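Visitor: Required output: the full structure, derived from the provided sequences and hints.
2 protein chains.
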Amino acid sequence: MNEQVPLSPVDPWMLKNLREHVHGLVRKAIISGRLKAGEKLNERRLATELGISTTPLKEALRQLEAEGLVRTEARRGSYVTFNARQAEEMTLARAALESMIARQAAKHIEKSHVLRLSETLEQMKSALLVADLNELIALNEKFHDAIHEASGCQYLRRLQSNQRMYNHETRLLVLAEAHERERSFREHTAIFEAINLRDQDLAEKRMREHVMTAGEEHVRRVFGSQALGD
Amino acid sequence: MNEQVPLSPVDPWMLKNLREHVHGLVRKAIISGRLKAGEKLNERRLATELGISTTPLKEALRQLEAEGLVRTEARRGSYVTFNARQAEEMTLARAALESMIARQAAKHIEKSHVLRLSETLEQMKSALLVADLNELIALNEKFHDAIHEASGCQYLRRLQSNQRMYNHETRLLVLAEAHERERSFREHTAIFEAINLRDQDLAEKRMREHVMTAGEEHVRRVFGSQALGD
DNA sequence: ATTTGGTTCTTGATATATCAGATTTCAGAT
DNA sequence: ATCTGAAATCTGATATATCAAGAACCAAAT
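These protein sequence lines are chains A and B, in that order. Each step along the first sequence adds one to the number in our numbering, with nothing skipped, and position 230 is 391. Each step along the second sequence adds one to the number in our numbering, with nothing skipped, and position 178 is 339.
FYI, nobody ran anything at the bench for these hints, they're computed from the structure. Note that the structure is a prediction, hence the values are computed from the model and not measured. Don't take every hint at face value.
Intra- or inter-copy, both count: the list cannot distinguish identical chains.
Simulated pairs of lysine-lysine, DSS-like, Cα-Cα distance not exceeding 27 Å [what the hints assert, rightly or not]:
#	residue 1	residue 2
1	Lys-197	Lys-268
2	Lys-366	Lys-268
3	Lys-177	Lys-286
4	Lys-177	Lys-366
5	Lys-189	Lys-268
6	Lys-303	Lys-366
7	Lys-286	Lys-366
8	Lys-189	Lys-286
Guide: Okay, here's the thing in structure tokens:
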């Protein structure tokens, strides 16, 4: 009884409830800089603007608060806390977590994961030749995902994903430069080698430096001169 | 017009709102193992038991969800997800973050922080001699706090505090053994030395190993044989 | 015995009303 | 002009009612 008519996927909006939808919306606004540090988020006003009640909005704000992007003072208001400094620290957090994941991957990796990683690197080499930026972004994701899989660390993976502050646009901007693409590929290759050698210290070190250079480059582009040196 | 009558501190309960109060309550229940993995948290029932409405409870659950201790499925229920494996990964996360903080501390530390750290180590030495366990626990906190201050990383600090799964009782249990107290002191001293030498790599390495051994010991005691080897 | 389809019940999602703390405003006293 | 404090206002906190999706159950059909 297999129906031959392919069903079109449902509207992504429907996949989430209001809370998740709003959470993603506000998070993106904060990360992208549209909502700046110190800006006030009035529960009633925001809920009205979004055409929803305050209940799901409050829950979304609690999530953002738990993520450290917003601070709420009782009966005073919610304020955006994300700024250039925090963006830098989020890069440090990403570096710390991702490098720990790489360490675990080097410890636990199996043949199937090695295959998937080397296969992804081959695809990257191809995409690099024709400078297919969108494909490179997707492959980058695939590469890091494969390492996450190899590490067997679900919780760390989740924690690390909370530190993401990239969006597709700024990503494209960075990879538009040839030397950035080449550096990225070189680093990915080196990380793979370290993991494949089961060298935990080396894998951790290379992953940390990879995340740090990429993260610093990103912060520079988004926050510009606001970014304090560290 | 300074009033001489010392005011007694207000009931800690009053310092928090219901949401924060409930959040801490449920978190502690989960971390301590009183609420086990897979257990269902019925919003209405729990709210009634606590004598509150569902609104603040829902917000508390959203926070716990953001922390990865609970998973909520729409119109199906909220479930505890914290288990032995996650406890192990939280130790890894603590190790990753705390060692990154130690690295930053080694990079940025100033004289005043060095003084505070060496002073704390002296106090630890004294408390170690008389085996004052409660004092040792407090000093441990003070030592790590001082490193956090020295690092200048507020966001990392916050993130790291979310990985805490200790409570005073199990802490006492561990420190009840003399060799654990001595090992702890030895490691703290070594960490201080590395930071004072501004050796980032060494500080990171020593802090990671310190957190890992302490964390593994803790997980062993709380989860016992459930803890899978890694 | 298995399947189908509807009814009922449970439960989180959402909307709305009310409560109470914090800020602001402004008249009245000094 | 400045200070005081009470009233008006704003705002998050909390309580309650309602909605709708999913699960459980049961009876009728096969």
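Visitor: State for each hint whether it applies.
Guide: Against the structure, the hints come out as follows:
1. Lys-197 / Lys-268: Neither way: Lys-197 and Lys-268 sit 41 Å apart in one copy and 29 Å across, limit 27 Å.
2. Lys-366 / Lys-268: Close inside one copy (14 Å) and across copies (17 Å); limit 27 Å.
3. Lys-177 / Lys-286: Result: close neither inside a copy nor across copies, 36 Å intra and 55 Å inter.
4. Lys-177 / Lys-366: Close neither inside one copy (38 Å) nor across copies (42 Å); limit 27 Å.
5. Lys-189 / Lys-268: Neither: 35 Å inside a chain and 32 Å across chains, both beyond 27 Å.
6. Lys-303 / Lys-366: within (21 Å within a copy, 29 Å between copies)
7. Lys-286 / Lys-366: Classified as within: same-chain Cα gap 23 Å, cross-chain 34 Å, threshold 27 Å.
8. Lys-189 / Lys-286: Answer is neither: 31 Å inside a copy and 49 Å across each miss the 27 Å cutoff.
Violated hints, in rising order: 1, 3, 4, 5 and 8; the structure is consistent with all others.
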